[in-house]
Each structure stands twice: as structure tokens, then as C-alpha cells.
Amino acid sequence: MSIVSPVPPPEVPGAGVEIRVGPAGPIPGPLRFLGRALRTLWSNRKASIGLVILGLVILVAVFAPLLAPHSPTATTFVPYQNPSATNWFGTTGNGQDVFSQMVYGARISLLVGIAAGAMATLVAVTVGLIAGYRPGVIDELLSFMTNLVLVIPGLPLMFILAAYLQKRSVWTIVFVVAFTSWATGARVIRSQASTLRTREFVTSAVFSGEGLFRVVFREILPNMTSLVAGSFFSAATAAVMAEASLEFLGLGDPNTVSWGTILYYAQQQNSLLTGQWVLVFAPGLAIALLAVSFTLINFGVDALSNPRLREK
Amino acid sequence: MGLRAMRYVARKVVLFLITLWAAITLNFILPRLMPGSPVDAALAKLASSGQPITNAERRAVEIQLGVPHTSVITQYWDYWTSIVHLNFGTSYSFPSETVAQTIGKAAPWTLALVGVTTIFAFIIGTLLGVYAGWRRGKAADTSVTLGATFFAAFPPFWLGLLLLYVFAFTYGWFPIKGGYNPGETPNLSLSFLTSAVYHSVIPALTLAITSLSGWVFGMRNNMINTLGEDYVTFAEANGLRTRTVALLYAARNALLPNVTAFGLSLGAVVGGSVLVEGVFSYPGLGNLLYIAVVNHDFPLMQALFLVITVAMLVAIFIVDLLYVRLDPRVRQ
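Line order of the protein sequences matches chains A and B.
Counting in numbering that gives the first Met the number 0, the first sequence runs from 0 upward without gaps.
Counting in numbering that gives the first Met the number 0, the second sequence runs from 0 upward without gaps.
Check the hints yourself; a few may be wrong.
Said to hold, decoys possible - Residues of chain B placed beyond 12 Å of chain A at every Cβ, according to the derived structure:
| id | residue |
| --- | --- |
| 1 | Y75 |
| 2 | D77 |
| 3 | I118 |
| 4 | L239 |
| 5 | L321 |
What the hints assert, rightly or not - Listed next, the stretches of chain A that the computed footprint assigns to chain B, with coverage defined by at least 3 CB atoms under 8 Å from CB atoms of chain B:
| id | stretch |
| --- | --- |
| 6 | 102-116 |
| 7 | 205-214 |
| 8 | 232-244 |
| 9 | 248-262 |
| 10 | 274-281 |
The hints are simulated quantities; they were obtained by calculation from the structure and are not laboratory data.
Quick caveat, the model's predicted, so the values are computed rather than measured.
By construction, the Cβ of each residue, glycine as well, lies at the ideal position given by its N, Cα and C atoms.
Build out the structure end to end from the sequences listed, making use of the hints.
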């Protein structure tokens, strides 16, 4: 009986990559973790498309002053112009360059998406972890609150909140969106926390005398990184869309330059009737692309937490 | 109905009532928590509409949005009394009728538009999801998932504007705005109904396209999880036809969680319909909320939010009750 030549073990994405800790100094833990997460996501085809789109938007936002040919607020052009060599996307009714506005608008949309996503995730993680780890009255109460926010129609609630808040800024939108979109994440994290609570490693951590805070954040939380990331990306998607809706309604700060306010002014100035469809088409497409990138990345994250959804 | 089913129904009824109470109370708390005084803003707006403000109107606004000089408990009691009597005060966007009348006139439009759209999106989306789940990893799956991802990312009002531009402005195939021919008054005649259906085509298409993806993803993921179950493998091993296994074994069981999602996604459609109806000036609740928010018409806004929330809760409650019929495990 001959010995079968050894078959190389199957490639595990991300596993073969060495993490080099050079003499220049060790890479800090969180950064190394982020790098590994990115590499794992990159191995998922859908997520990699999402990462490319997101990367492009980030680049545009960072280098906006270099990319935009004009100032986004200067009202120095002939109003209501169709696309031309100087104004690639035409001009608004106030004589602003739409292309420059699109470039600068990336900043606000990214900011709102990431900030609101992070805030919503923070609430979701806190509520979900406490509810999952503390069964009984606290769990019932927090779960009821979660379900309440879940069944109340989110967009109308956002409109009402934003309409009552009379001082408008980008942060109003961030706050309103975060307030209304944490519930889905909280529910998922709660159910995961409540299953992890009964596992041996948690029990032994409790018996070894670890405090509540340490058990929840150092033992349980690291086991649901993908759920936390998932809830961040879905909240960020919702935030980007909600920002556009709120600003389109005129509930944003009309003085900021964002994709939502371009749409708002386009609607106010009847751009479709005058044939300036680019003013509507471009910002909406940009919003859709950013939302798509978050969703695509989320596919990769989903596949991490549920092996059945993984691509072969 | 067995004991278990009865306990299930009782639990759902209690939960429904508590949620209803909490939602209505939230509607009471929100304007009172807000910085500035919504009452003053509302009264100033009402005065600027040229109508003289009667004491009754002032009182109605105060009951809804909060008065500084009475106790919160009295305010809360007054608030409930006004809700039970459907007394939501006067809106300054439509000063000639009560808020209840305005909402009553708009409700059937939204019910028809959102109802029909949701049913269509549910059927088509679920079927696509079953197909994508069954052909997991194949080209068909990838194209369905990617397509659905893109459609889901379109802001509904934006898609509405684009469809409006192409089909109404450019080609003139469909009307630009409204819910029926301007000359007609709402009645049940054939000519009116045809004009209503004709006007609803693009708004319905917009809502259907943007809400389709939720069903596709939900069903696809459920399918994939169900397909990993032993009974599906067993059915396949028995040599049953592929379609039988896909539809009768996997899809039937994968459908259950998607039915629960029905109630929740209704909220998304209602939310999306606010701006879509606004874009099309469709005579429904969404357009009313659009008008109310743009004009800071707080009485109308608050009443609409209440109506929309209660409608949602009722829809979810009905789905929960239907579950008794759908899931035999509850019934035993």
C-alpha cells in the first residue's frame, strides 16, 4: 500500500498571510485586527466590490478640494445651465457648479452614514448586551423597548422628530437617524448574548471572579464582532438613505452642500421640468452607490457569521 | 383551538395593547420633550394662515403639543380624551375641515396603493428569493441578489422622480401628478376607477421596485438555511422531483419567517410612500404627511403619525394571529 502523496490543506482565506511585526515597532492590536478583518472581507467577491466603491467615495471626500474644479458654494455662474466644458454637470438655479457640489457632497453623506451608523451600533450593542446578559425584568423591559422602536414606522418617526427639532444641522440628522435605527441590531445582539451567556467559558469567567463589565465586554462581545459589524453597516445604509430623504424634505440644514440638498434644490427649482435631469440623476445615483457599497460589505460580514451563506 | 394556541393569542393581545398604549404615549411625550415650544410655533403658523384662532382651536393645539400651565397628568388625560373622540384639532394646511376629515379622505388612497404594492412585491420578491436560494452560488443567484441590492439602494422618491421624468415628462404615457383626472370627483364609476388605476401605475411601480429586495433577501437566506436541513436532503435522496423539493419541502418552511417580516416591511413601504406620494402629489396619507412636515403643520403631523403607527400595529397584530393558522407548532 503506497502512501498517498500529501494533499496540501485547503486554503483558508486570510490565514496564510503573515502578520509582520517589523523592527520599526509592533503594529497596535486594533489596527492588526482591522487589517485581518479587511482581508477576510476582501476574499468575498461581493464585499470586495463594496470595499472598492466605498474606497472611491472616501478618496473623493478626502481630496474634494483637489478634485472639485470650482467652489461648491460660489454663485458665480449663469443659473440653470446644462452640462458644459466649465460646468460638467451644469449649474443650479442659484448659479452654483453642480459637479463641485457633488464632490463636496460626498463628505456629508459619508459623515452622516458613518457617524449615525456608529451611534446606532453603540446603542444596539449596549441595549442588546445588557438585555441578553441580564434575563428577567431588565431583559423584558429592554426587549419591549426594542420591539416598540422596531414596529413604529421609522421614516415617519424621523420626519416628525426632525420637524420638531427646530435647530437644523447635520448632527440633527445623525441623532435622529441613530435614534430610530438601533433596534434591529439590538435584537440580533440580544439573542446572541443570551445564548453565549450559558456557555462554559462565560461561566468559568464569572467563577474566576471577573466583574460584570469585563465578562460582558471582554468575554462575550468579542464573540459577536461580525454581528456588531453587520449592525453597523445596515445602520449606515439606512442613515445614508434617511439623510437623503430628510434633506429632500427640507428638514436638513439648507446651507450645507450634500447630495440630499442638491436633490432638495433640484426639486424646488423644478429641474425636471426644465430638462436638467442631471441635477436629480447624479446625486441620487451617488447615494444609491454609497448605500450599495455598505450593503455589499454587509454580505461579506453576514457570510462570516453564517457559514451557510458563504460563497463556495 | 388548543390551550397552547389560546395562550399564544392571549399573549399577543396583551402585547398588542401594551404596544398600542406605548406608541400613543410616545406621540404625547415627543413634542413635549422637544426644545423650543411647538405650541407657539403652531399657533403662530395658524395665525399667519389668516384664520382667526378660536379658543377651541388654541385648546386643541395645546392638548396635543403641551401647555405649560397645567399638570402633565391633566394634559395626558385630555390627550386621551381627544384621541377617543378623534378630535385632532384644525390643520392650517386644510383650515376648512377637521384633521380627522382630512385624514379620512386620504386613507383609502394609501390603503389601496400600499396594499396592492405590498402584495405584489411580496409574491414576486418571495418567488425570486426561492429561486435565488435554490440556485445558490450560480449565476442566476448572483444576478438576482446584485439586482435586488441595487434596487434596494435607490431612494424611493428618487426612483419616482426618474420614472416620472421618463414616462410622464418625456414620453407622456402617464399623468404627471394626482390620483385621478382633475375634472372628476371621487366616486365608484368605471371612468373614475380607470383614471385612478391609471394614475397609480408609476407610484405603485416605484414602491414595488424599491421594496422588492427585502422579500428577496429574507426568502433567499431562509431558503439556504432550510436547504441545509436533513429532511430536504432526505427528500432529494428519495428521488423526488427538484421542483417538489424546492417548493413543497424547502420553500414552504422557509416562508414562515418571511410572513412575520410582512408586518414590519409594511412599515418600510408606508415610510417610503411618504416621499413617493409627495413627489407624485398622490392624494394619500403619505402626501398629507409630506405637506404637514414641509409646512410645520404640527396638528396634522401628529395625528398622521398616530394613524400610521396604529395602522402598522394592527397589521402586525393580524399577521401574528394568522400565524396560528400557518404554524402548526403554535396550534397543538
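Evaluated hints:
| no. | hint | verdict |
| --- | --- | --- |
| 1 | Y75 | holds, 18 Å |
| 2 | D77 | holds, 20 Å |
| 3 | I118 | holds, 18 Å |
| 4 | L239 | holds, 22 Å |
| 5 | L321 | holds, 16 Å |
| 6 | 102-116 | violated (count 0) |
| 7 | 205-214 | violated (count 0) |
| 8 | 232-244 | holds (count 4) |
| 9 | 248-262 | holds (count 4) |
| 10 | 274-281 | holds (count 3) |
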